[in-house]
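S.K.: Residue numbers (the numbering used here), protein chains in the order written: chain A, 1 to 408; chain B, 1 to 257; chain C, 1 to 156.
Since the hints were derived computationally from the structure, they do not count as laboratory data.
Misleading hints may appear alongside valid ones.
[Stated by the list, open to error] A short, non-exhaustive set of chain B residues, derived as facing chain C with CB atoms under 10 Å: (1) Ala44; (2) Gly76; (3) Asp147; (4) Arg148; (5) Ile169; (6) Glu175; (7) Arg197; (8) Asp198.
[Claimed, not checked] The calculated BS3-like cross-link candidates involving lysine-lysine, where the alpha carbons are at most 25 Å apart (straight line), are: (9) A:Lys304 / A:Lys86; (10) A:Lys86 / A:Lys161; (11) A:Lys161 / A:Lys234; (12) B:Lys138 / C:Lys59; (13) B:Lys59 / A:Lys342; (14) A:Lys234 / A:Lys86; (15) A:Lys224 / A:Lys86; (16) B:Lys138 / A:Lys127; (17) A:Lys234 / A:Lys304.
All values derive from a computational prediction rather than experimental measurement.
Quick reminder that beta carbons are idealized off the backbone N, C-alpha and C, glycines included.
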Amino acid sequence: MKRIVYREWRLQPERYWGLLAILGAVAAIAGLAALYMEHHGHWVTGMTNQVVWGTPHVFAVFLIVAASGALNVASIGTVFGRTAYKPLGRLSGLLSIALLAGGLMVLVLDLGRPERLVVAATTYNFKSIFAWNIFLYTGFMVIVVAYLWTMAERKVNAYSKPVGYVAFVWRLLLTMGTGAIFGFLVARQAYDTAILPPMFIIMSFAYGLAIFILVLMFAYHQDKRPMGDVMLFKLKNLLGVFVAAILLLTLMYHLTKLYGTKNHGVEAFILMTGGIYTAMFWIGWILVGCLAPLGIVYHPVLGKDRTWIAAACGMVILGGLAAVYVIIIGGQAYPLEMFPGKTILASGFHDGVAGAAAWYSPSIPEVLLGIGGVAVALIITAVGVRVLQFLPESLSDQVVDPHVAAKG
Amino acid sequence: MTQEHDKVDGARRSFIGAAAGLTAATVAPGVILHTVAAAPRAEAVTDKVRWGMLIDTAKCADGCTACVQACDRENGLDLQIKPEGASEQMWDRQRAVWIRKVQVQDNLTGRVTNLPMLCQHCEHPPCVDVCPTGASFKRADGIVMVDRHTCIGCRYCMMACPYKARSFIHQVVAEKLTATPRGKGCVESCNLCVHRRDHGEASTACADACAAAGHHAIVFGDLTDAGSAVSKAMAAAASRQIREDLDLNTGVRYSSI
Amino acid sequence: MANAVVRGLLAVTGLVWALGAQPVAADETFVTPGSNAAGLTSCVEPTDFMRRNHMEIIKHQRNTVVHQGIRDSKHTLAGCIDCHVAPGPDHKPVSVYAEGQFCHRCHAYAAVDVNCFGCHATVPTPATASKAASGEFGPDVAQVPDQGAAAGGNRP
Numbered sequence: 001m002k003r004i005v006y007r008e009w010r011l012q013p014e015r016y017w018g019l020l021a022i023l024g025a026v027a028a029i030a031g032l033a034a035l036y037m038e039h040h041g042h043w044v045t046g047m048t049n050q051v052v053w054g055t056p057h058v059f060a061v062f063l064i065v066a067a068s069g070a071l072n073v074a075s076i077g078t079v080f081g082r083t084a085y086k087p088l089g090r091l092s093g094l095l096s097i098a099l100l101a102g103g104l105m106v107l108v109l110d111l112g113r114p115e116r117l118v119v120a121a122t123t124y125n126f127k128s129i130f131a132w133n134i135f136l137y138t139g140f141m142v143i144v145v146a147y148l149w150t151m152a153e154r155k156v157n158a159y160s161k162p163v164g165y166v167a168f169v170w171r172l173l174l175t176m177g178t179g180a181i182f183g184f185l186v187a188r189q190a191y192d193t194a195i196l197p198p199m200f201i202i203m204s205f206a207y208g209l210a211i212f213i214l215v216l217m218f219a220y221h222q223d224k225r226p227m228g229d230v231m232l233f234k235l236k237n238l239l240g241v242f243v244a245a246i247l248l249l250t251l252m253y254h255l256t257k258l259y260g261t262k263n264h265g266v267e268a269f270i271l272m273t274g275g276i277y278t279a280m281f282w283i284g285w286i287l288v289g290c291l292a293p294l295g296i297v298y299h300p301v302l303g304k305d306r307t308w309i310a311a312a313c314g315m316v317i318l319g320g321l322a323a324v325y326v327i328i329i330g331g332q333a334y335p336l337e338m339f340p341g342k343t344i345l346a347s348g349f350h351d352g353v354a355g356a357a358a359w360y361s362p363s364i365p366e367v368l369l370g371i372g373g374v375a376v377a378l379i380i381t382a383v384g385v386r387v388l389q390f391l392p393e394s395l396s397d398q399v400v401d402p403h404v405a406a407k408g
Numbered sequence: 001m002t003q004e005h006d007k008v009d010g011a012r013r014s015f016i017g018a019a020a021g022l023t024a025a026t027v028a029p030g031v032i033l034h035t036v037a038a039a040p041r042a043e044a045v046t047d048k049v050r051w052g053m054l055i056d057t058a059k060c061a062d063g064c065t066a067c068v069q070a071c072d073r074e075n076g077l078d079l080q081i082k083p084e085g086a087s088e089q090m091w092d093r094q095r096a097v098w099i100r101k102v103q104v105q106d107n108l109t110g111r112v113t114n115l116p117m118l119c120q121h122c123e124h125p126p127c128v129d130v131c132p133t134g135a136s137f138k139r140a141d142g143i144v145m146v147d148r149h150t151c152i153g154c155r156y157c158m159m160a161c162p163y164k165a166r167s168f169i170h171q172v173v174a175e176k177l178t179a180t181p182r183g184k185g186c187v188e189s190c191n192l193c194v195h196r197r198d199h200g201e202a203s204t205a206c207a208d209a210c211a212a213a214g215h216h217a218i219v220f221g222d223l224t225d226a227g228s229a230v231s232k233a234m235a236a237a238a239s240r241q242i243r244e245d246l247d248l249n250t251g252v253r254y255s256s257i
Numbered sequence: 001m002a003n004a005v006v007r008g009l010l011a012v013t014g015l016v017w018a019l020g021a022q023p024v025a026a027d028e029t030f031v032t033p034g035s036n037a038a039g040l041t042s043c044v045e046p047t048d049f050m051r052r053n054h055m056e057i058i059k060h061q062r063n064t065v066v067h068q069g070i071r072d073s074k075h076t077l078a079g080c081i082d083c084h085v086a087p088g089p090d091h092k093p094v095s096v097y098a099e100g101q102f103c104h105r106c107h108a109y110a111a112v113d114v115n116c117f118g119c120h121a122t123v124p125t126p127a128t129a130s131k132a133a134s135g136e137f138g139p140d141v142a143q144v145p146d147q148g149a150a151a152g153g154n155r156p
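Produce the entire structure from the sequences given, and follow the hints as far as they go.
M.R.: Right under this line is the structure:
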């Protein structure tokens, strides 16, 4: 195939610095929000002793899951040998590092004692998946940097396949580790299931790819580089497959839980009586996150329109945030089932009187911190493509697939 | 044959008398020493002892919160102050609680049961499994607690606890007792009054308060010692763990529920 | 030439500053007047040793207390506070980490902020409620004294 030329992102300086200024301001506000939460303590947030993980964790888990999925495009090129995806490998690696960094930043800044990060990095209890995740996340960054090196440095191109394989396997372990955070918990009805790790893997494919497509479209549009339909439609159709897979895994999760009577309570809560959580599930997770994008992607007319494709990616992202919200916060809001067959009439510690869900409402500092993580990820990406030669000069049809040009 | 049974067996009587005397002589020093030894612990705890509790919910009185108030007082929880600017409802959801009263009603029979719920001090605690730094740990004598020098405040143990026993400190703490340090950003839960354990006191604040209130629903003691009050109480009546299907072998057991 | 002179001056200044920051003459004491420690010749260990190593002792002892339950050590933090706390004008104990009090004097000078007192009590309080009732800690300490956020015990 034609030799791919990579060039730095040549956006006009005023627009580039303007973009960085906006993202920097958002990140700075997030930093202030984190400082505010740390100084006063978590009483300023909506998190309580019943819902202990809130909006920052929703953003953090979403970003970490998407980070692993963003590397998918590079893996398809390296591991699965699909030549058409190879030019996108560098951006894919950069984006995955950026998203992971953003997610980890949010997670660390929400700790009750963030100044004890050194303790977390030096003292380990290896039965905890959190401890393993520390190694999985940092190791992932190192491996992806090595992967990028093998892709970008001609002399070590030969190593790109073995390193790519390692990155692929590591990524699956990382996403399973993130899903296992919840899957390993026996305490809560919504968790304690082996399907959460693979469900997180499938979600990562879709969310990572959706973010990747949007970043790619934005970068190329701003720099007026050509992106042909061949490449775009490949990515779009792949997104459709991943979103369909999310629907399948979601169906499996709920059908399995619905089968056993002991889980009827939590299923009724999520699917019917959970108020905001039910709305987030049906409208956010299913409708906006899965059905609408599927409709757009496979529509004969809409699926070929760039604006609609971008809209579909945006919907997948919003649906992903809603899904993580339902899993993390909905899972905590549903009361613990300590007395099956009994109803709690009164409790001194909000144990779910008459089956009532725990109260939670996102507070402004939490939301600002979460959005700050997104901003940090985008800053890293913007600086990366500006400074490094990671974006192919052209993704036009002739470059991507010479046979198309031949067909005319 | 009846004549032989009518005769008093003198040898047997004196044997029993001597045995009883010997037993008393052996046990008595232990009884006396036990009440005198109220000194700080000098040697490391071992697993020769496992602290536990039996709670008889039939004796737990409706509306009584003696155990909760005693725990609050003993462990400095009543010194918590609502932060300025926090609403009452939020403070009620965010303040630390170690033991609470719960009232449940059976869906079929309508029978109402009252019980205190606290950290169950499991033998296989999920909170210890999930703590990334090992701050949440089980002491050799079975007490599950948090080493708050190592706790980073991630709250994963709170997610993992099947009894929602843990509390996170959401605010700067102004007033604290020497025996029970407490600070913003860490997680804590009932530690079976570990400062009392280590200073040689016999029981926990909640057990003492329940006895003082006349209910005697909470019996505390050494589960490995067959002669302790708690072991005898467990031998006398059927008891169970809450959420026994999780197979955690809790140190706190409940009867009449 | 001028460069060399400036660099030399900076080096000498830095050296003098660093040397000046070393612990002062052995006979100056940081013990607060009115505290129990003021009447004692030395701490639980020799003063020089304590000045250099008290943080190691505290770090080791906190593990033996929490994990092994050993409470009779002479190195307990509560023991430090019992000895080094001084009464204020109202004869009530003042937080050891308040400005001008024992811990704070050295730590402010050395610019090392410790967060022990975010969690630990800064004045002696009874070990258990029953001991408070017994009066073992003396008549002044029968109840929990007002430590207050203003006493400097909590730098968030």
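S.K.: Hint by hint, say whether it matches the structure.
M.R.: Here is how each hint holds up against the structure:
For B:Ala44, the interface hint holds, the least distance from its beta-carbon to any beta-carbon of chain C being 4 Å, beneath 10 Å. Annotation: B:Gly76 was flagged as interfacial toward chain C, and the flag holds, the nearest CB pair being 8 Å apart, inside 10 Å. Interface restraint check: B:Asp147 against chain C, minimum CB-CB distance 5 Å, threshold 10 Å, status holds. Taken as an interface hint, B:Arg148 checks out: its beta carbon lies about 6 Å from the nearest beta carbon of chain C, inside 10 Å.
Of the supplied interface hints, the one on B:Ile169 holds, with its beta-carbon coming within about 9 Å of a beta-carbon of chain C, less than 10 Å. The closest approach between the C-beta of B:Glu175 and any C-beta of chain C is roughly 5 Å, which is under the 10 Å cut-off, so the hint is satisfied. Taking 10 Å as the C-beta contact cut-off toward chain C, the hint placing B:Arg197 at the interface holds, the least distance being around 7 Å. For B:Asp198, the interface hint holds, the least distance from its beta-carbon to any beta-carbon of chain C being 5 Å, beneath 10 Å.
For the given pair, A:Lys304 sits about 23 Å from A:Lys86 by alpha-carbon distance, which is consistent with the 25 Å threshold. Of the pairs offered as hints, the one joining A:Lys86 and A:Lys161 holds, with about 11 Å between alpha carbons and a cut-off of 25 Å not exceeded. Proximity of A:Lys161 to A:Lys234 is assessed by CA-CA distance (about 22 Å); at most 25 Å being required, the pair is judged to hold. Distance check on the hinted pair: B:Lys138 and C:Lys59 sit about 20 Å apart at the alpha-carbon level, within 25 Å; holds.
Between B:Lys59 and A:Lys342, the direct Cα distance comes to roughly 19 Å. Compliance with the 25 Å bound is thereby established for this hinted pair. For a cut-off of 25 Å, the pair hint linking A:Lys234 to A:Lys86 stands: about 13 Å separates their Cα positions. Restraint check for A:Lys224 and A:Lys86: satisfied, since their Cα atoms lie roughly 21 Å apart, inside the 25 Å limit. Proximity of B:Lys138 to A:Lys127 is assessed by CA-CA distance (about 14 Å); at most 25 Å being required, the pair is judged to hold.
Using a Cα cut-off of 25 Å, the hinted pair A:Lys234 and A:Lys304 holds, with the two alpha carbons roughly 11 Å apart.
Checked against the numbered hints listed earlier, the structure breaks none of them; every hint is satisfied.
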